[in-house]
Amino acid sequence: MALKTETMILNMGPQHPSTHGVLRLELELDGELIVNVKPHIGYLHRCFEKHAEAMSYPQVIPYTDRMDYLASMYNNFGYVIAVEKLLGIQVPERVEYIRVIMGELQRIASHLVAIGTNGLDIGAFTPFLYLFRDREKILSLFEMTCGARLLYNYMWVGGLSHDIHPDFVRLTKEFINYFRPTITELNNLLTFNKIFIERTANIGVLPLDTAINYGVTGPSLRGSGLAFDIRKEDTYSIYDRFDFEIPVGQGLVGTVGDSWDRYYVRILEMEQSLRIIEQAIDQIPDGDVKAAIPKRIKPPKGTVYTRVENPRGELGYFIISDGNLNPFRVKVRAPSFVNLEVFGELCKGHLVADVIAILGSIDIVLGEVDR
Amino acid sequence: MGLLDKEFSDGNVVIAKVDDLFNWARLSSVWQLGFGLACCAIEMMATSASHYDFDRFGVIPRNTPRQADAIIISGTVTLKMATRIKRLYEQIPDPKYIISMGSCANCGGPYWEHGYHVLKGIDRVIPVDVYVPGCPPRPEALLEGLLKLQEKIRNESLRKKTV
Amino acid sequence: MKQYLKNTWYGIWTVLIGMKITFKHLFTPAVTIQYPDVKVPLPERVRNRLYVNIDDCIGCDQCSRACPVNCIEIETVKSLPGENLGTTSNGKKKALWVTKFNIDIAKCCYCQLCVPPCPTECIYMTDVYEFSEFERDNLVYKFANLTEEEAVEKKSNYEKFQAEKEASRQVGAAASAKPETPVKTQQENKNE
Amino acid sequence: MKNPEEIFELLKKEFPEAILGIDKEAPTEPIILIDPPQIKTISLFLRDNPELRFDSLMVLSGVDDANGTKVKDEDGTDVISGGTLSVYYHLHSVYLKHKITLKVSTPRGNPQVESVYNVWRTSDWHEREAFDMYGIIFLNHPDLRRILMPYDWNAGYPLRKDYKNPEFYQGMKVPY
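Chains as they are written, first to last, in our numbering: chain A, 377 to 747; chain B, 7 to 169; chain C, 8 to 199; chain D, 347 to 522.
These are computed hints drawn from the structure, not numbers from a lab.
Everything numeric in this text was worked out from a predicted model, so none of it was measured.
C-beta: ideal position from N, C-alpha, C; glycine also.
Fair warning: there could be bad hints in the mix.
[Stated by the list, open to error] In silico DSBU-like cross-links for lysine-lysine, where the CA-CA straight-line distance does not exceed 35 Å:
#1 K674(A) / K85(C)
#2 K608(A) / K418(D)
#3 K92(B) / K23(B)
#4 K359(D) / K674(A)
#5 K461(A) / K370(D)
#6 K443(D) / K416(D)
#7 K461(A) / K666(A)
[Said to hold, decoys possible] Sample of chain A residues with no beta-carbon within 10 Å of chain D, all distances over it, derived:
#8 L386
#9 H421
#10 Q466
#11 N589
#12 L650
#13 G692
#14 I696
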C-alpha cells in the first residue's frame, strides 16, 4: 500500500561547517532520502568580471588570485597565458619551468585541503591535521619565493614577480622526499580505512555520459573513468615535455565514478605532480624571469579563450580586448561552478548524511563558483 | 550571562573581584562560530590546524551560534550574505565579540570601489571589536588580533558604563 | 554472514592501522609554533604592512597608479624655484612637496604591484604583521611629514607664485602683442 | 578532427539562412555568427552529427557589445540605447578533440536567445548567469532566475556597461 506522503524541505547553509564556504542547499527529503537538491549560490559573488573591466591587464592578476583561493598560482597561470596569447609574446624558458613547478606544487597543496576537508566532513579529524601540516611546508616554499602565503600574485604577464630563492631547488627536493612516504601514510590512515570506504564507495555515482553532458571536468570527470586532462589534451606551457600519467577512477572498492574514486584520483594525481616537479626541477635553465614583461600591456583587438587544468578542472579565461589598456570583457569558466551543477543529480536517492560526502568529493571552492 | 552583563550601577570590592573572575573565564574560552566566508577562512583553518593551533587560546569552533561567544568574520561579506550574518549574530548569546579578519571584512578591501555586490565593511551591519588587517592576515596576525580581543575582555566590567 | 564478519574484522583492522600511525606520531616533534612567545623569522621577501620612506619620496604618483585597489592617496604641490627640497638617497632631485601620502591599509590587498614602479625604492613591504586595531580609522596610515599648516602654506605659496607668474606673463604678452588682441584672449583661455 | 573553416562550410551547406558569417579577426579561433532563434537547431546538429560530435559546452558567456548610442538620462548618467548584447558559445568535442566558437547577437532592447538547455545541461547555470548579469532572456529555459545576485535585486543587470549601483539594498548602504 502506498501512503501518500509529503516531502520535507530542509535548508542547509549558508553557514554550515561542511559546505566548504557559503553554499546554501535546499534539500527536498522523503524521510531520509533525498528527492531533489537545489543549490543556491552567489553568497560570495565578488564581482570579479566587473573589476576586470575596470582594471588594466596586470592589475587583474591580484583579483584572479582571489577567485579560487586554494589554487591561486593556477589562476594566475591561466590568466597570464591568455594575455600572452593575446599579445603574442613568448616567455623565457626559465619562466615556463618555474611556472610549471609552482603550478604543480599548488595542485598538491590544493588537493591536500580537498582530501583533508573531505575526511573532516565524514568524521576523520586526524588526517586533516596531518595534511595541513604538510600543506604548510608547500606554503613556506611559496612564501620564500614570492612573500605571500595564500594569494601570491606571482605570475605576471611575460614573466614572474620574483626569481626563485637560491634555496628553493634544495628545499623542494627535500619536500618531495618527505612527501612521498606521507602519501602512503595517508593511504593507510584514510583511503583504505573501512569506515571511510563504507561512507564513500557506491555513493554519488557519476556516469561518464552525464559527466560530459554536464561539462564536468577535472578529478570529478577522471573519477568517472575518462582520461581527460587539458595538460595532455590541449597542452599549454611546457607540459608536453614531461612524462606523467593521467590517473582515472577504476572502481577499486565500488562502482566507477563514485565518491571514493573521485577522492582516490586526487591522491594519485599528487604522485604524478611530484613526478612532474622532479623532472622539471632538474631542468630549470638559467636566465632572466622578467625579460619579456612589457612596459605597457595593450593587446590588439580580438578575443581569446584559453584553458588550463586547474586542480578542480578546466579553468578557462575568455578575454575580449578592444585595444585599450583595460580588458573589454573577461569571462571565467570556473571549474567548480560547472562541477557544482551536477551535484543535484548525484545526490538523488541518497541519504542526508551522504550529501556532505558527495560535496566533499566534488571539491568546490565557493570563491570560484561565485567569482 | 546576559543577566549579569552591565547590570550594576555602582562598583564595590565584590563586583571588582567578580569582574576579574568573569573576565578571566570569558577571555580564556572564546568559542568561535565556525564560519568561513572566503580566502581568509583558509588562513583561519590553517590557524586552527597543527602549526598554529587555535586551541591553545581556548578557541574552539562551534557549529551553532547558540554555543558561540565570538564570530571571526573571515572574508568578503556580500549583500546576500550580510542579512544572514546579522541573523547569526543576533542568535549568539551575550556577551558576544566580533573579530573582523582581513581587508574585505574591514572595509570591502580590494572590492570597495567596483564591488556592486560587496558590503563595504562588516561594521555597517554588526559592531566590530577588533580589526585584523591583512589580505589574508597571516595566522600569527589573527592570533594577535585574538590577543587584542582578550585584552579588551580583560578590561571589561559588570558595571554599567557611565556616559 | 561470512561477509559480514569479514567486513567487521576489516573495519577493526583498518582502524587499528590508523591508530598505529597516530601512535607513531606521538613521538615525532611537535610542529606547533608557540606564537606569542616564539616568533619564527619570516623570509626576506615577505609581504606584509606597506611602508613609505617619505624622505625619499619624490611624489611621482607611480605607486598610486599601479595600485589595483586605489588605496594610496597622494597630493603634491610644486615647489618654488628658489626652494631646495634636497635629494633622495639615490641622488634624485625632489621637485614636489608631498602634502598628503595616505595609505588605507585596511583596503590594501598586499599584491606588491606598487613596489616595482617606484623610481626611488621608497615604498616597500615590511615584515610587520601585528597591527590589528580597535578602530578602523587607525588603519589609515599618514606618511606625509609636513604638518597641515605647512601643507596649506606650501599650497598658498605656490598659488601666489603661480598668480604672480601669470600676471607677469600677461603683462609681458600685452607688451609684446598689443595690436593682436584676439590672440591674447586665446592665450588666456589656454591658461585656464 | 576538423578546423573551424571546415565546420563553417559544413554548417553553411546545412543551414544557409541561419549562419550569418565567420569572423576571422580574432587572434586565436574564428567565430561563427549565428541567427539567435536558430541556435538550438544548430547546436543539436553540432552535437549529434557523427563528424562533429560537439558533446561538451566549455563556456557560455554573455557580452555587452556597447555599440549603441550613449544618451544621458534625467540624472545625468550615461545610458546606452540601441546596439546589441551577444552570447558566445565555446564548444569542444571530448572524443574528436576539435573546438569551435559560436556567437549570437541580439538587440539590447529586447534580448532574446533560444536556450540550449536541452542540448548541453551545462548551459543551465551559464544561461542563468548571463540572464543575471546582462538580462539576456533565454527562451524555453526551465528555471530562468537570478543566480549570483539576490533574487530580489531590482536595480538592473550589473555587467552591462551602463549599470548604475543603487544607493541602498535592504537598508544597507551599497557604495563605499
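We went through each hint and held it up to the structure:
no., hint, in the structure
1, K674(A) / K85(C), "32 Å, holds"
2, K608(A) / K418(D), "51 Å, violated"
3, K92(B) / K23(B), "34 Å, holds"
4, K359(D) / K674(A), "39 Å, violated"
5, K461(A) / K370(D), "16 Å, holds"
6, K443(D) / K416(D), "43 Å, violated"
7, K461(A) / K666(A), "17 Å, holds"
8, L386, "19 Å, holds"
9, H421, "4 Å, violated"
10, Q466, "14 Å, holds"
11, N589, "5 Å, violated"
12, L650, "27 Å, holds"
13, G692, "5 Å, violated"
14, I696, "6 Å, violated"
Violated hints for the displayed structure, listed by number in ascending order: 2, 4, 6, 9, 11, 13, 14.
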